[in-house]
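S.K.: Can you make the complete structure from the sequences, with help from the hints?
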Amino acid sequence: MKIIKKITGNCAELRLDGWLDTQAASELDEVIKNIGKDIENIEFDLKELEYISSAGVRQVVATFKKMDGHLKIKNTPEKILSVFRSLGIDKKIHFE
Amino acid sequence: MGTQVKEKPRISITVQIALIQLGALLLAMIVAVLVNGRLIIKNTIQESSDMAMTALLGASELVEDMIEEDGCDIKDMQGQWEDLHKRFRELCKRSGLRYMYLYTFEDEKTTRYIVASALSDEDDEMLQKNFSYGTETSRKMYDCEKKVLAGKGDSDFQIVNNQYGFVCMWVTGVRDGSGNVVALIGADYDVNFIISVLKYNYLTIVIMGAIVAIITFFISVTLIRVHIARPIILLSGKMNHFIEGKENRIVIPKSSFRDEISDIEDSFNKMETDIHQYVYDIENLTADRVSVQTQLDIARRIQSGIVPEGRTFSGKGYDIEGYSRPAKEVGGDFYDFFGLDENRVMFAIGDISGKGVSAALFMMMVRSCLREKIRSGETLSGAVNAVNDEIYASNPECMFATVFVGILDTQSGVVRYVNAGHNPPVLFGSDVREISVDPGIAIGIFECADMAEYEIRLKDGEGLFIYTDGITEAIDAADEQFREKRLMDALLRFVKGGGDGEHGAAGGAIREVIKDLDSFVGEAEQFDDITGVAVIYHREKKAGALELYPDMNEFGRIKEKVYELNSDEERAKTMIMCLEEAFSNIVSYSEAKHILFDCGEDAGKVSFTLSDDGVAFDPVFYNREIPEFNNLDKGGMGIALMRKYSDSIGYKREDGMNILTVTFNR
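Chains as they are written, first to last, in the working numbering: chain A, 1 to 96; chain B, 1 to 666.
One should not assume that every hint holds.
[To be verified] Heads up, simulated DSS-like pairs for lysine-lysine below, C-alpha to C-alpha not over 25 angstroms straight-line:
#1 B:K496 x B:K593
#2 A:K2 x B:K152
#3 A:K91 x B:K109
#4 B:K86 x B:K129
#5 B:K561 x A:K2
#6 B:K6 x B:K42
#7 A:K2 x A:K79
#8 B:K644 x A:K47
#9 A:K65 x A:K5
#10 B:K485 x B:K515
#11 B:K146 x B:K75
#12 A:K33 x A:K66
#13 A:K91 x A:K66
#14 B:K561 x A:K79
#15 A:K2 x A:K37
#16 B:K559 x A:K47
#17 B:K559 x A:K79
#18 B:K109 x B:K86
#19 B:K316 x B:K328
#20 B:K561 x B:K485
#21 A:K79 x B:K605
#22 B:K93 x B:K140
#23 A:K37 x A:K79
#24 B:K75 x B:K42
#25 A:K33 x A:K72
#26 A:K6 x A:K72
#27 A:K79 x B:K644
#28 B:K593 x B:K605
#29 A:K65 x A:K37
#30 B:K515 x A:K92
Simulated from the structure, these hints should not be mistaken for laboratory data.
M.R.: The following block contains the structure:
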């Protein structure tokens, strides 16, 4: 997976391209952990995300909890969204 | 360097004998001539003295008769002179005397000759001139004359050499009626004559002796040549022919008597015959040995075709390798393995009592019988008991065979086995141990041995090592045995992945053991057949199955497989999501060492199997509900996703393996 990070003020936009599998999830975890303390909002751009595993889902939920809900997910492909939906996550996190 | 042997001169035996004979004859002749010479001299002198004495006696009697009967006076004998001179000459002729004369001594220095006769006319003429009747001469009286005159003997002699010749002078007295010596008669023998007689006698003897000696020499040499030298030369030639290996055509002529030479000939003939016989016997024996060796070589080749030094047999679920090295040309150990049907493989090892040809023959019988009975479809124990009964019934030498025979189910790893008195096998896998088995009874000893069969289950990768005691009882130069401990150490090194890097292959186990055995035994002589078989069970992996290590990096291989099966990208991703969940669970929690992944498709229905040898865990039983959102990051939603996206999930625990099956319908 390719993670493209773009910081604008206190907002970090992370573009996740490719496969968010178990290994990619731990890479993403590293990126989130090391993100600056002044970042208050994180935005995931899933436009090019092709695949997500449960570990990936788990990382998304963990990021949501870490940011106290300040997580925005945009451009979610239908297939990926259906995974979130099947776990009832779309009820808590807003997908654009 | 060796001293050079000087070539000795060759002198033939005939020459040697001739030289010895010649020497002996010469010596004999010298002795004979010397001894005879004395006798000849003595005889000749005796003869001449006898003649002289006879002549003197005749002469003195004649003169005495004249004195006594005719009354003649010695001082006046002129009338008788004619007669006496004639008679004396006759006597001279008869006796070979040179002179004969009658004389008196007037005084000690004056001799008066009466008659003097000589043998030859010339001498006689000279005598008549010098010593005619009455001639008186003055000369000294000889000792012999003194003796006779003194009456000290009838006669005597003396050698005299004067102007009248070199003579032996014999003297006798002429006595008158009263016995007084009145005159002397002298008779002179010519010494030169005596010497000439002696010479003649000597020469005669020497010539005769020489003739006899030469004749004797030639006769004896000829006889020796014919009877001794020739047979020896022939015998020597015969011996040389024999030594040179030529055909012997020399015939030694038979003599009418036996001697040492004929003894030697007989001994040689016997020796020659004996040696020919021995050579013939040895040639036959050698030919027999060569023939036996050839037969043994053929037997060895036949046997090594049946029980080769190494043979490998592997297929789905099993890998077997056998090894055998007989101590002699042919051995009594055997191993055997063959496929019984699609899922069963038979393997066996046997050790026959005794060694060599007998053991090899018996081994062939046991092996063939075992093959036949096992293939007949009986149970394994039934087959082994049938073999026992059949061998027992035709076993006049009371030989026996210890046999371990097993049948491996290549699907399940179950080995059914019968042990007929053989040493227990060694199990090698995660550890190495001897498995305890019913000792059973060796084949061929008792009728109705009634042996039972048992069962052992091999795990994936585990194996059995069966062997004959030739391995464990092999001794090194110090007479120490190899023993089970060293065998198991070698197998342990094999399972730990040491050794020659043939990890997991039966041949690797065999070679590890044999390598240790050979370095242990070193140069010591092998006295028993060495045989071993390794059987390793590998759980069958279906076509396309993957063997994976518990590492997330390995998951890529599963992904590839899934893509191969699906042309639909999205469907593949769904499957991958489910499988990733299952795989990461195994990697993270099960402590498994090996993971097998397999997939199959049937009428569009795709199923995946993940098997692992980790701790038992049934993901189907757990996590039936989707966790609360706040707990989602703690995990547990993977199973939920799998449930959601797959059509069915199945779990079973089998042979220490977790087997998870995920199925997707069309």
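S.K.: Where does the structure disagree with the numbered hints, that is, which hint numbers, in rising order?
M.R.: Going through the list in order, the structure violates hints 2, 3, 6, 18, 19, 20, 22, 23, 24, 28, 30 and respects the others.
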